[in-house]
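Protein chains: 2
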Amino acid sequence: MSDEHEVDEGSEGEPKLPKKALVVVNTGNGKGKTTAALGVLFRAWGRGYSVCMLQFIKSTTSNYGENKAAKKVGIEMISLGGGFTWLSKDIEKDKALARELWEQCKVKISSGEYDVVALDEFTYPLAYGWLPTSDVVEFLKTRPLRTHVIITGRDAPQELIDYADLVTEMREIKHPFADQGLKAQPGIEF
Amino acid sequence: MSDEHEVDEGSEGEPKLPKKALVVVNTGNGKGKTTAALGVLFRAWGRGYSVCMLQFIKSTTSNYGENKAAKKVGIEMISLGGGFTWLSKDIEKDKALARELWEQCKVKISSGEYDVVALDEFTYPLAYGWLPTSDVVEFLKTRPLRTHVIITGRDAPQELIDYADLVTEMREIKHPFADQGLKAQPGIEF
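As they're listed, the protein sequences go chains A and B.
Take the first sequence: its position 107, counting from 1, is numbered 107 in this note's numbering, and each next residue is one higher.
Count along the second sequence from 1, then add 1000; that gives the number in this note's numbering.
Bound-form chain A, shown alone:
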């Protein structure tokens, strides 16, 4: 940790480089993995940091609200792969797609232009074995010193957890869909 990455926390001026960029993982079967990442991006944006979110699940009503909010304030939100479909039943095709999308993430992260990059629902290609977690970890070790990376999604592989600095499991204690047969609520759930 060299001096040029020290932060003057009391300063109100230009954003400073972080002391050590973190790899953050939000995993588990509960709600809040993506919204917590979104909250971090929003907060960092509030401080003047440069942030973006790359979404591994194609844009649906389930991320309609966050895309709209991000667009309103100019936070970059990139839906990877356009109309792609996971689970093509052709494992080689899925692997090729995962690798292609991961290349796009690598370009963003290694650009050095971002303070925080969120890879939303990125655990899925890892958990399904389409992308070797070891490749991801090796790349993350080479990321620019300024760039925090947040990875969200269920079933984060142990190898990623071992490398990450901050890991939280969002555990479902109670869910209105299951318990009350309610539909998802716009504004509060997506």
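The set of hints was computed from the structure by calculation and includes no laboratory data.
Don't take each hint at face value.
[Said to hold, decoys possible] Straight-line C-alpha distance at most 25 Å; calculated DMTMM-like pairs for lysine to aspartate or glutamate:
{"#": "1", "chain 1": "B", "residue 1": "K1108", "chain 2": "B", "residue 2": "E1159"}
{"#": "2", "chain 1": "B", "residue 1": "K1068", "chain 2": "A", "residue 2": "E76"}
{"#": "3", "chain 1": "B", "residue 1": "K1174", "chain 2": "A", "residue 2": "E159"}
{"#": "4", "chain 1": "A", "residue 1": "K68", "chain 2": "B", "residue 2": "E1113"}
{"#": "5", "chain 1": "B", "residue 1": "K1068", "chain 2": "B", "residue 2": "E1113"}
{"#": "6", "chain 1": "B", "residue 1": "K1072", "chain 2": "A", "residue 2": "D162"}
{"#": "7", "chain 1": "B", "residue 1": "K1174", "chain 2": "A", "residue 2": "D162"}
{"#": "8", "chain 1": "A", "residue 1": "K174", "chain 2": "B", "residue 2": "E1159"}
{"#": "9", "chain 1": "A", "residue 1": "K106", "chain 2": "A", "residue 2": "D94"}
{"#": "10", "chain 1": "A", "residue 1": "K174", "chain 2": "B", "residue 2": "E1121"}
{"#": "11", "chain 1": "A", "residue 1": "K174", "chain 2": "B", "residue 2": "E1172"}
{"#": "12", "chain 1": "B", "residue 1": "K1174", "chain 2": "A", "residue 2": "E121"}
{"#": "13", "chain 1": "B", "residue 1": "K1108", "chain 2": "B", "residue 2": "E1138"}
{"#": "14", "chain 1": "A", "residue 1": "K72", "chain 2": "B", "residue 2": "E1138"}
{"#": "15", "chain 1": "B", "residue 1": "K1020", "chain 2": "A", "residue 2": "E172"}
{"#": "16", "chain 1": "B", "residue 1": "K1174", "chain 2": "A", "residue 2": "D155"}
{"#": "17", "chain 1": "A", "residue 1": "K174", "chain 2": "B", "residue 2": "E1076"}
{"#": "18", "chain 1": "A", "residue 1": "K20", "chain 2": "B", "residue 2": "E1100"}
{"#": "19", "chain 1": "A", "residue 1": "K72", "chain 2": "B", "residue 2": "D1135"}
{"#": "20", "chain 1": "A", "residue 1": "K174", "chain 2": "B", "residue 2": "D1135"}
{"#": "21", "chain 1": "A", "residue 1": "K106", "chain 2": "B", "residue 2": "E1138"}
{"#": "22", "chain 1": "B", "residue 1": "K1174", "chain 2": "A", "residue 2": "D94"}
{"#": "23", "chain 1": "B", "residue 1": "K1174", "chain 2": "A", "residue 2": "E138"}
{"#": "24", "chain 1": "B", "residue 1": "K1174", "chain 2": "A", "residue 2": "D90"}
{"#": "25", "chain 1": "B", "residue 1": "K1072", "chain 2": "A", "residue 2": "E113"}
{"#": "26", "chain 1": "A", "residue 1": "K68", "chain 2": "B", "residue 2": "E1076"}
{"#": "27", "chain 1": "A", "residue 1": "K71", "chain 2": "B", "residue 2": "E1076"}
{"#": "28", "chain 1": "B", "residue 1": "K1141", "chain 2": "A", "residue 2": "E172"}
{"#": "29", "chain 1": "B", "residue 1": "K1174", "chain 2": "B", "residue 2": "E1159"}
{"#": "30", "chain 1": "B", "residue 1": "K1095", "chain 2": "B", "residue 2": "D1155"}
{"#": "31", "chain 1": "A", "residue 1": "K141", "chain 2": "B", "residue 2": "E1172"}
{"#": "32", "chain 1": "A", "residue 1": "K174", "chain 2": "B", "residue 2": "D1155"}
[Unchecked claim] Just some of the chain A residues that point at chain B, by a computed CB distance under 10 Å:
{"#": "33", "residue": "N26"}
{"#": "34", "residue": "A37"}
{"#": "35", "residue": "S79"}
Yeah, the Cβ is synthetic: ideal placement off N, Cα and C, and Gly gets one too.
Fit chain B to the given chain A structure using the hints.
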């Protein structure tokens, strides 16, 4: 659930009233309780909903980023009680303060002006017994049908969990402070 609370999810126009306002609790010893609430507020704001956050812990560097972000976009963020101190070592004083701050929350919630009201770190006065959880639950039952309420903080009382619709426990799996002796990182952690 009457028709006037039905939502046309496909509509791009004016925000509609939710089908059923939820009580959401983010609890546990991990990160992401407040940031997930913030993410929900930001997303709801993106949809044109009216939202606010009432903070039970006085403004510190730990919520500097979120206050700044909220201010930038006009999301109402209210630090309750100004320079108050919990743990005054006078239990009656703490109880009186908790009740006073709760009255401010009740006014906001029952105004009917909000789609989402977040009560940040509100579990503490409940967990410490300064405010009866039963009073809070009884009040929440009377809230306007449009108003979702999100409550964050460790040690949410069981009575609140029993009443809530959606409860998530944020569990710490790995934390850089404990494991690496690092200071909190601005932009990513506050």
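Consistency of the hints with the structure:
1. B:K1108 to B:E1159: Holds, because 22 Å separates the two Cα atoms, which is no more than 25 Å.
2. B:K1068 to A:E76: holds, 19 Å
3. B:K1174 to A:E159: holds, 13 Å
4. A:K68 to B:E1113: This hinted pair holds, its Cα atoms lying about 22 Å apart.
5. B:K1068 to B:E1113: Since the Cα atoms of K1068 (chain B) and E1113 (chain B) sit roughly 23 Å apart, the hinted pair holds (cutoff 25 Å).
6. B:K1072 to A:D162: Roughly 37 Å separates the two Cα atoms, so the pair is violated.
7. B:K1174 to A:D162: Satisfied, since the Cα-Cα distance of roughly 9 Å is no more than 25 Å.
8. A:K174 to B:E1159: Holds. K174 (chain A) to E1159 (chain B) sits at ~13 Å (cutoff 25 Å).
9. A:K106 to A:D94: The given pair, whose Cα atoms are some 18 Å apart, holds under the 25 Å limit.
10. A:K174 to B:E1121: Holds, at roughly 19 Å.
11. A:K174 to B:E1172: holds, 19 Å
12. B:K1174 to A:E121: holds, 19 Å
13. B:K1108 to B:E1138: holds, 16 Å
14. A:K72 to B:E1138: Violated, because 37 Å separates the two Cα atoms, which is more than 25 Å.
15. B:K1020 to A:E172: holds, 20 Å
16. B:K1174 to A:D155: holds, 15 Å
17. A:K174 to B:E1076: violated, 28 Å
18. A:K20 to B:E1100: The given pair, whose Cα atoms are some 41 Å apart, is violated under the 25 Å limit.
19. A:K72 to B:D1135: violated, 39 Å
20. A:K174 to B:D1135: With Cα atoms ~22 Å apart, K174 (chain A) and D1135 (chain B) stay inside 25 Å; holds.
21. A:K106 to B:E1138: violated, 51 Å
22. B:K1174 to A:D94: Violated. K1174 (chain B) to D94 (chain A) sits at ~31 Å, over the 25 Å cutoff.
23. B:K1174 to A:E138: Status holds; Cα separation ~20 Å.
24. B:K1174 to A:D90: violated, 36 Å
25. B:K1072 to A:E113: Satisfied, since the Cα-Cα distance of roughly 22 Å is no more than 25 Å.
26. A:K68 to B:E1076: holds, 19 Å
27. A:K71 to B:E1076: Since the Cα atoms of K71 (chain A) and E1076 (chain B) sit roughly 20 Å apart, the hinted pair holds (cutoff 25 Å).
28. B:K1141 to A:E172: This hinted pair holds, its Cα atoms lying about 23 Å apart.
29. B:K1174 to B:E1159: violated, 29 Å
30. B:K1095 to B:D1155: holds, 18 Å
31. A:K141 to B:E1172: holds, 23 Å
32. A:K174 to B:D1155: holds, 15 Å
33. N26: holds, 6 Å
34. A37: Holds: closest Cβ of chain B sits about 7 Å from A37 (chain A), inside 10 Å.
35. S79: violated, 15 Å
The structure does not agree with the numbered hints 6, 14, 17, 18, 19, 21, 22, 24, 29 and 35 stated previously, though it agrees with the rest.
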